[in-house]
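Now for the letters of each chain:
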Amino acid sequence: MPGMTITEKILAKHAGKATTAPGENVWVDVDILMTHDVCGPGTIGIFHERFGRQAKVWDRDRVVVIPDHYIFTADDKCHRNVQILRDFVKEQGLKYYYDPEFVTNHPGMPSPYKDPTKTSYKGVCHKALPEEGHVRPGEILLGTDSHTCTAGAFGQFATGIGNTDAAFTLGTGKTWLKVPPTMKFTFQGEIPPYLTAKDLILAVIGEIGVDGATYRTMYFSGDGIRSLTLEDRMTLTNMAIEAGGKNGVCDVDEKTLEYVRARSNVPAWEVFADDPDAAYNATYEWDLSTMEPLVAKPHSPDNRDTARNCRDVKLDRAYIGSCTGGKITDMIFAANILKGNKVRIPTYVVPGSTEVHRDMKRLNLRGVERQGNEKSIEDVLADAGCLLGPSGCAACLGGPSDTFGRLNEPLLCISTTNRNFPGRMGDKKAGVYLASPLTVAASALTGYVTDPREYVTTRIDTGLAGVA
Amino acid sequence: MQQIINGKAYVLGDNIDTDQIIPAEYLSYNPADPKERKYFGMYANSGVPEAQAGLPHGQVKFVRTNEFRSDYNIIVGGKNFGCGSSREHAPLALAEAGVVAVIAEFYARIFYRNSINGGYLLPLESTQRLLEHIETGDELTIDLKAGTVTNNTKTKSFTLNPLGEVLPIIEAGGVFEYAKEVGMLK
Numbered sequence: 014m015p016g017m018t019i020t021e022k023i024l025a026k027h028a029g030k031a032t033t034a035p036g037e038n039v040w041v042d043v044d045i046l047m048t049h050d051v052c053g054p055g056t057i058g059i060f061h062e063r064f065g066r067q068a069k070v071w072d073r074d075r076v077v078v079i080p081d082h083y084i085f086t087a088d089d090k091c092h093r094n095v096q097i098l099r100d101f102v103k104e105q106g107l108k109y110y111y112d113p114e115f116v117t118n119h120p121g122m123p124s125p126y127k128d129p130t131k132t133s134y135k136g137v138c139h140k141a142l143p144e145e146g147h148v149r150p151g152e153i154l155l156g157t158d159s160h161t162c163t164a165g166a167f168g169q170f171a172t173g174i175g176n177t178d179a180a181f182t183l184g185t186g187k188t189w190l191k192v193p194p195t196m197k198f199t200f201q202g203e204i205p206p207y208l209t210a211k212d213l214i215l216a217v218i219g220e221i222g223v224d225g226a227t228y229r230t231m232y233f234s235g236d237g238i239r240s241l242t243l244e245d246r247m248t249l250t251n252m253a254i255e256a257g258g259k260n261g262v263c264d265v266d267e268k269t270l271e272y273v274r275a276r277s278n279v280p281a282w283e284v285f286a287d288d289p290d291a292a293y294n295a296t297y298e299w300d301l302s303t304m305e306p307l308v309a310k311p312h313s314p315d316n317r318d319t320a321r322n323c324r325d326v327k328l329d330r331a332y333i334g335s336c337t338g339g340k341i342t343d344m345i346f347a348a349n350i351l352k353g354n355k356v357r358i359p360t361y362v363v364p365g366s367t368e369v370h371r372d373m374k375r376l377n378l379r380g381v382e383r384q385g386n387e388k389s390i391e392d393v394l395a396d397a398g399c400l401l402g403p404s405g406c407a408a409c410l411g412g413p414s415d416t417f418g419r420l421n422e423p424l425l426c427i428s429t430t431n432r433n434f435p436g437r438m439g440d441k442k443a444g445v446y447l448a449s450p451l452t453v454a455a456s457a458l459t460g461y462v463t464d465p466r467e468y469v470t471t472r473i474d475t476g477l478a479g480v481a
Numbered sequence: 105m106q107q108i109i110n111g112k113a114y115v116l117g118d119n120i121d122t123d124q125i126i127p128a129e130y131l132s133y134n135p136a137d138p139k140e141r142k143y144f145g146m147y148a149n150s151g152v153p154e155a156q157a158g159l160p161h162g163q164v165k166f167v168r169t170n171e172f173r174s175d176y177n178i179i180v181g182g183k184n185f186g187c188g189s190s191r192e193h194a195p196l197a198l199a200e201a202g203v204v205a206v207i208a209e210f211y212a213r214i215f216y217r218n219s220i221n222g223g224y225l226l227p228l229e230s231t232q233r234l235l236e237h238i239e240t241g242d243e244l245t246i247d248l249k250a251g252t253v254t255n256n257t258k259t260k261s262f263t264l265n266p267l268g269e270v271l272p273i274i275e276a277g278g279v280f281e282y283a284k285e286v287g288m289l290k
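These protein sequences, in sequence, are chains A and B. Just so you know, our numbering puts the end of the first sequence at 481, numbered straight through with nothing missing. Just so you know, our numbering puts the end of the second sequence at 290, numbered straight through with nothing missing.
Chain A with its partners taken away, still in its complex shape (with noise of 0.2 Å):
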C-alpha cells in the first residue's frame, strides 16, 4: 500500500489505528474543541438537551471558549449570548475562556478596551488559538467555525463543524471522519517583495474553484512555503475552506516548532509529514517569481483577475482586518505602503487578535521594538487616514448593522478578508474585492484597484513580528 499523508496519519493515530486511506470514516478522539459567541449558544443548548442539564463536558482543559464574533454592538441579544457563555464556563469549570470583560448587561455598545495588554478578551478565535498555545502539530482540532482550518499551518488537524457536531463532541470527545484525499500544491522558489501569501491562495482557488478540494486535503509544499512566516502560512490554510476543503495543512518546520513551544500550554506533541510515496489526489505546481499580485472580484472568491487588469476599477472602501488579513504582518506591510501618505478612501482597520493590537503599539514598520519617538505601526496607519477599530471578526461578515466597517450600502470595497459571496460584509447589492494587504493599502491610497508593485520595490521585513 502506499505511504500516508501528514492528514492520514493524524486521523489514523487519532482512530488507534496503524493505518488510515481516503474514503474511509473513521471515529476519533478530538484534542481541542473551540467555539465561539456565535455557535456556542446553539451548540451549549444541544450539549444541554442531549446529555443533560447536569452534563459534564468530556475534558474541561481541552474546550477552548474564545468570544470574538459580535461584540462590539448594541444587539442585546449578542450580550446575552456572550453571557451564555459565561455561564457555561463556569457551569463547566473550564480551564480556557477569554472574556471580554466590557461587555455587560448595560445596554447600548460595550466600549472597547483601552489597553489590548490589560484585557482578558482576545480577539478573533483563529488567530487567538495559536497564540493562547492551543494548537499544536499532530493534534485534532474541531471548532465551530469553518475557519478553524486556519490551525493546519502547524501540521495539525484543524476543521470547522456545526453546533450539532460541537455538542456531540463536548459529550464524549469524539467525532466521525471521513479521512479525505490530499490534493498537492507546491510553491517553488522565494516569495517576492509584492506577494503575500493571499496571492498565492487566491491563484489556487482561481486554479481549483469554490468547489475544488470539496471533501479534500489542501497540502502546501515547496521551499516557497518554508520561505512564508507562520503567519503568512496561517492565510493560506485559512482560506482552504474557500475552495472547499476539509482542512488546509503545511509541514512543520523550526520556525513552527519555534512558535509552539513558545507557547503551548501542552508539553509534548507528535510531528508528521508525509511519506515520499503518499498518494495524492492532485497536484499543482507555481513558480513564485512568475506569479503575480491577483484580486477575487465579487462576488466568488475564485473569481481571479490580477490586480492589474482591473486598475479601472473605482473603489468607495478598503478594508484591512480579519483572521486572514488582520495579523500583525499583514499590518506591517499595510503600513510600509501607507506611510507618509494619506488614503483616498474610507479605509478600516481590524486587528485580528488584541496581541495583533498591542504589536501595532508596540512594533515599528520592521516589526522591531520602536524606540523613542519612533512611529508605531498603527501611529503610521492613523497619520494616513486609516479608521482604527478595536480587534473582532467585525466586518468580515457583516455582523449586526452596527459592526465597525459593515458595508450598510451597496458599496465597492476592497478587503483582506477571506470571502465575498454576496451580502458576505453587509448590503448584499454591496461588491468585495478579496486582496493581499499590499494590494489593499494601495488601492486605498489612489482609490483604485492597484498593483503594489507601484509601490513595494525592497523586501518588507516584518522581523520577528508574529513570533516573539
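Watch out, some of these pointers could steer you wrong.
To give a feel for the contact side, a few chain A residues facing chain B, derived at Cβ under 10 Å [stated by the list, open to error]:
{"#": "1", "residue": "82"}
{"#": "2", "residue": "223"}
{"#": "3", "residue": "313"}
{"#": "4", "residue": "413"}
Calculated from the structure, these hints are not laboratory results. For glycine and all other residues, C-beta sits at the position ideal for the given N, C-alpha and C.
Given chain A, put chain B in place with the hints provided.
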C-alpha cells in the same frame, strides 16, 4: 423514514453559501431558545440577491414578509450548495421555514454534515443538473426508494444518487440517535 415526499420547488443557483441562506446579522438569535429559533425561518434565504431568488425568473420571496414558514418545502440547487460559513443555522433556518429536502448536484461538506448529523433535512444529490428542468413553484415528488424526483408540473423524472453511507445516520434521525444505535452513546 418517509419514502415519498411531495412538495413545491424553490430553485436557486450554484454556490449558494450559508451567508445567503441565513445572513450573519440574524445569528444573534439563539437557536436553543424556541421563541428565537423560529426567526431563522423568517429570514431563511433572505441573503439571496433578488435576481437569483426563485429561478428562473428571480424576484420570488422565499418567506413572505412577517411570516415564519415558506410556501416551498423543497429547494433545488446547482453545484456546491451550502458553501462558506459552518453555521448550523443554515440547515436549521431552511428546516424552520418548512424545507424537508434539498436537491443539488453536490454539497459543501459542512452544510451536508450539519444537515444529516443535526437531522434537519435531506440533502439529496441529483445525477444531472436540474436548474433547466425545474422552475420555482413546480410540484415535485421525491421517491427515496426508487431514487427519483418527478416534476409533476412538467411530467419529467430525474434520478437521484443513493444516500449511501450516510443513510444509517439519516434513518436514525441524526448523529446522536445513530451513535446510540451503534453503541457509541448510552
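Hold the hint about residue 413 of chain A up to the distance rule: shortest CB distance to chain B must be less than 10 Å. holds, 6 Å
Minimum Cβ distance from residue 82 of chain A to chain B below 10 Å? holds, 8 Å
Is the shortest C-beta separation between residue 313 of chain A and chain B less than 10 Å? At 6 Å from the nearest chain B Cβ, residue 313 of chain A passes the 10 Å test, so the hint holds.
With a cut-off of 10 Å on the beta carbons, see whether residue 223 of chain A makes it to chain B. At about 6 Å, which falls below the 10 Å cut-off, the nearest Cβ of chain B leaves the hint on residue 223 of chain A intact, so it holds.
Of the numbered hints listed earlier, not one is contradicted by the structure.
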